[in-house]
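Work out the full structure: start from the sequences and follow the hints.
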Amino acid sequence: MKNKIQPINKERKLKEEDFIVSKTDPSGRITYTNRIFMQIAGYSEAELLGQQQNIIRHPDMPRAIFQLLWDTLKQGREFFGYVKNMSRDGSFYWVFANITPTLNPSGKLVGYYSVRRRPKEESVRLIEPIYAEMLAVEQRAGARQAIQASTQLLQAKLTDYGSDYEHFVLEI
Numbered sequence: 510m511k512n513k514i515q516p517i518n519k520e521r522k523l524k525e526e527d528f529i530v531s532k533t534d535p536s537g538r539i540t541y542t543n544r545i546f547m548q549i550a551g552y553s554e555a556e557l558l559g560q561q562q563n564i565i566r567h568p569d570m571p572r573a574i575f576q577l578l579w580d581t582l583k584q585g586r587e588f589f590g591y592v593k594n595m596s597r598d599g600s601f602y603w604v605f606a607n608i609t610p611t612l613n614p615s616g617k618l619v620g621y622y623s624v625r626r627r628p629k630e631e632s633v634r635l636i637e638p639i640y641a642e643m644l645a646v647e648q649r650a651g652a653r654q655a656i657q658a659s660t661q662l663l664q665a666k667l668t669d670y671g672s673d674y675e676h677f678v679l680e681i
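In our numbering, the protein residues as written are 510 to 681.
Treat the hints as calculated values from the structure; they're not laboratory data.
Here a beta-carbon is modelled for each residue, glycine too, at the ideal position from N, C-alpha and C.
Honestly, I wouldn't trust all of these hints.
With beta-carbon atoms standing in for the labels, derived distance ranges [as the list claims (entries may be wrong)]:
hint: 1; residue 1: 615; residue 2: 586; range: 15 to 25 Å
hint: 2; residue 1: 598; residue 2: 630; range: 16 to 26 Å
hint: 3; residue 1: 654; residue 2: 630; range: 25 to 35 Å
hint: 4; residue 1: 631; residue 2: 527; range: 29 to 39 Å
hint: 5; residue 1: 679; residue 2: 576; range: 13 to 23 Å
hint: 6; residue 1: 672; residue 2: 555; range: 35 to 45 Å
hint: 7; residue 1: 576; residue 2: 638; range: 11 to 21 Å
hint: 8; residue 1: 585; residue 2: 527; range: 22 to 32 Å
hint: 9; residue 1: 526; residue 2: 665; range: 29 to 39 Å
Listed below in structure tokens is the structure:
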């Protein structure tokens, strides 16, 4: 299901006690979703199962963040990050995501487990302009150079903060 939804400027917010939980196979296809995920995203379980996790991707998210996410997971490490998602009606919601590779007893990757919670508003205020600048750089750079250009910008900003992405997002 290709996401052709037009974003609208309406924010949904998770409650403080809400946790979005999902599981995917190794290619990112949803194999499990909890009710909170279905409620905030506006999809039924049947509509989500088997779909790529990016069904909820908001166009305001820089591609470089998803490249960083996948690079981190492919190294067998868990990923922490702020993500702006889009609901079925075009509204948006921010999450603080923790995504962990799931291994079987012999150590083979069998999927990913993701828990997302409501982010601190001050953290979103800090990360949102960085993502907007990264997205602008990606658009100027063109499709082939977008991720590289955006990653360079992010690295420069993180160097100014004296941090890497994981530590930065965990600290803010």
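Hints and how they fare:
1. 615 <-> 586: 15 to 25 Å: Holds: the Cβ-Cβ distance is about 19 Å, inside 15 to 25 Å.
2. 598 <-> 630: 16 to 26 Å: Because 22 Å falls inside the window, the suggested range holds.
3. 654 <-> 630: 25 to 35 Å: Holds: the Cβ-Cβ distance is about 33 Å, inside 25 to 35 Å.
4. 631 <-> 527: 29 to 39 Å: violated, 19 Å
5. 679 <-> 576: 13 to 23 Å: Check passed, 20 Å falls within 13 to 23 Å.
6. 672 <-> 555: 35 to 45 Å: At 42 Å between Cβs, range holds.
7. 576 <-> 638: 11 to 21 Å: holds, 20 Å
8. 585 <-> 527: 22 to 32 Å: At roughly 29 Å between Cβ atoms, residue 527 and residue 585 fall inside 22 to 32 Å, so the hint holds.
9. 526 <-> 665: 29 to 39 Å: holds, 37 Å
Of the hints listed earlier, the one the structure fails to meet is number 4.
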